[in-house]
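Asks: Model the full assembly from the supplied sequences, consistent with the hints where possible.
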Amino acid sequence: MQAMPERWTPETYNDFLAELKQEADEAYRLFNEKLLASELPTLGLRLPFLRKTAKAIAKGDPNGFLAVCGKTYHEERLLYGLVAAELPYADFLPHSDKMAKFLVENWAICDTFCSSLKKVLSHKADKAHYFRYISVYLSSLNPWTVRVWLIVMLHHYLTPTTINTVLTRTLAVDSDFYYVRMAQAWLMAEAWVKFPEETKKAVLAANLDPWVFRKFVQKARESRRVSDEDKEYLKSLLS
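If you read the sequence shown in the numbering used here, its first letter stands for residue 1, the second for the next number, and so on.
Wrong hints could be hidden among the right ones.
Claimed, not checked - Derived lysine to aspartate or glutamate pairs resembling EDC-like cross-links, with alpha carbons at most 16 Å apart:
id, residue 1, residue 2
1, K71, E105
2, K219, E232
3, K231, E197
4, K200, E190
5, K118, E86
6, K55, E6
7, K101, D111
8, K200, D176
9, K219, D230
10, K219, D174
11, K59, E105
12, K55, E105
13, K127, E76
14, K215, D174
15, K52, E23
16, K21, E76
Stated by the list, open to error - Quick list of simulated restraints, FRET-style, between CB atoms:
id, residue 1, residue 2, range
17, N142, P10, 25 to 33 Å
18, L36, T162, 24 to 32 Å
19, W211, Q2, 48 to 56 Å
20, S139, K52, 34 to 42 Å
21, S139, N207, 17 to 25 Å
22, K101, Q218, 29 to 37 Å
These are computed hints drawn from the structure, not numbers from a lab. Glycine is no exception: its CB is placed at the ideal position from the N, C-alpha and C atoms.
Replies: Here it is, written out as structure tokens:
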């Protein structure tokens, strides 16, 4: 791609979008659409290319880009989240809300955004603040907002200081939405890997939905990081 514009306007953004379309891979687009189960049209751009593009945008006028960034295409929403994650923490917060409440429409946008926050949460105080800040996402009526909380916890807050709170809140989630339930199971499986005793205690004390419980056991037993002994114990819980 050509160099990023010094200043983003609707016109320069349209030129940029036209360039993105030139980079598209039709075979990948068709493959990706089958995986996403999304209502959004896709261009067919691979994630490494989008990450590289987001970093190039962030070196110039990221706030200008975010002001004009479209939301029609799957990749536009991915880029919005990736560029937002390059901002200073205080500037990032309103964009986190926009992603969680409005722009996350499928599991890939959710998980890519949530897994890309290491830099913006690199300062201990900011990371602690964000843990408190996004707790409101759990009470949202939008199930994608709830999944954002779960996947952020999975990637950034399975730590000694937050594990018990994360487990308590995760086990309290009650949703019929498939992608929330899968995120619950995935988070708990990852928690078992890192904190097996704490997770065991929390799970046994909870009245967990049977489907979510089975998926949690399945994912934990599929992990190479769970001991054979623990896998047998988890299997016994299904009998």
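Asks: Would you mind marking each hint as holding or not holding in the structure?
Replies: How the hints compare with the structure:
| no. | hint | in the structure |
| --- | --- | --- |
| 1 | K71 <-> E105 | 10 Å, holds |
| 2 | K219 <-> E232 | 13 Å, holds |
| 3 | K231 <-> E197 | 14 Å, holds |
| 4 | K200 <-> E190 | 12 Å, holds |
| 5 | K118 <-> E86 | 10 Å, holds |
| 6 | K55 <-> E6 | 14 Å, holds |
| 7 | K101 <-> D111 | 14 Å, holds |
| 8 | K200 <-> D176 | 24 Å, violated |
| 9 | K219 <-> D230 | 12 Å, holds |
| 10 | K219 <-> D174 | 19 Å, violated |
| 11 | K59 <-> E105 | 27 Å, violated |
| 12 | K55 <-> E105 | 23 Å, violated |
| 13 | K127 <-> E76 | 26 Å, violated |
| 14 | K215 <-> D174 | 15 Å, holds |
| 15 | K52 <-> E23 | 13 Å, holds |
| 16 | K21 <-> E76 | 11 Å, holds |
| 17 | N142 <-> P10: 25 to 33 Å | 28 Å, holds |
| 18 | L36 <-> T162: 24 to 32 Å | 31 Å, holds |
| 19 | W211 <-> Q2: 48 to 56 Å | 49 Å, holds |
| 20 | S139 <-> K52: 34 to 42 Å | 36 Å, holds |
| 21 | S139 <-> N207: 17 to 25 Å | 20 Å, holds |
| 22 | K101 <-> Q218: 29 to 37 Å | 31 Å, holds |
Checked against the numbered hints listed earlier, the structure breaks hints 8, 10, 11, 12 and 13; every other hint is satisfied.
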